[in-house]
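Engineer: Sequence:
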Amino acid sequence: DLVRSRGLGDVYKRQLYNEGNRMNRRIYRGTMCYSDMRKLLFVCHGNICRSPMAATLMRVMANAAGWGDSLWVDSCGVSDEEEGNPMDRRAVATLLSHGIRPAPHEARRFSKADYAAFDDILCMEERNRRGLLRLSGGDPEGKIHLLLDYTDDPHDIDDPWYTGDFEKAYREIREGCTGYLRQFRIK
154 DLVRSRGLGD VYKRQLYNEG NRMNRRIYRG TMCYSDMRKL LFVCHGNICR
204 SPMAATLMRV MANAAGWGDS LWVDSCGVSD EEEGNPMDRR AVATLLSHGI
254 RPAPHEARRF SKADYAAFDD ILCMEERNRR GLLRLSGGDP EGKIHLLLDY
304 TDDPHDIDDP WYTGDFEKAY REIREGCTGY LRQFRIK
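In this text, residue positions in the sequence shown follow this note's numbering: the first is 154, and each later residue adds one.
Keep in mind that the hints were calculated from the coordinates and are not lab data.
Treat the hints with care, as some may be off.
To be verified - Result set (EDC-like, lysine to aspartate or glutamate): computed pairs, CA atoms no more than 16 Å apart in a straight line:
no.: 1; residue 1: LYS296; residue 2: ASP272
no.: 2; residue 1: LYS321; residue 2: ASP309
no.: 3; residue 1: LYS192; residue 2: ASP272
Take the sequences, apply the hints, and build the full model.
Structural biologist: As C-alpha cells, this is what we get:
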C-alpha cells in the first residue's frame, strides 16, 4: 500500500503536490512552523465527496477568518475502494456553484500515522467514526468526533454519492465547519 509505506513527511509532500495552495507551499519552503499549526483531518467513506468538500471549504473559511496560517487541513476515507481517484464531479460542481474552486485531489485511505499526525479528526457519520476506531486501534487521545458535533443539531451527514443531494451535504458541512471554527477561536 503506497500511502502506508511512505514516511509521514512524504504524505505531506504529496498533500502539497496535490493541493498546492499558498499556505502549504509556504510550509514546505520552511517559512512557517508546521508544529505550531492545528492539524485537522476530515474523514468520509471513500474520500471523493464529503471529506474533500469539507477540507476545501474549511481552508476557504479559515483563510477568510484570518486563521489560514494556523490550520493545516487534509482529508481521507475509511475505505480504499476510491484510492487514487479525484473528487467526485458533482462535489466539484457544488463547490464551484458557491464560488469555491477546489484544488486537485487524490483520494486516500486513513492510516495509523494519521492518528498521530492530526489534532482533530472529524468524521461525516457515525459509520466512519466506527471504521476509524477499527483502523486506528481506538481513540485514546479523544481526537475522533463527528463534524456536526460542533453544531446545535449533531447528526450524520448523509453520503451524497448515494442520495445525490450534494447541496444538502454542502450546507451541513458548512454548518459544521462554522461550528468548528467558532470553538477553534476559543482554544
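Engineer: Each hint should be assessed against the structure and marked as holding or not.
Structural biologist: Do the hints match the structure? See the list:
1. Using a Cα cut-off of 16 Å, the hinted pair LYS296 and ASP272 holds, with the two alpha carbons roughly 6 Å apart.
2. Distance hint between LYS321 and ASP309 is fulfilled; the C-alpha atoms sit about 12 Å from each other, no more than 16 Å.
3. Note on LYS192 and ASP272: the hinted pairing holds, with a Cα-Cα distance of about 5 Å set against a maximum of 16 Å.
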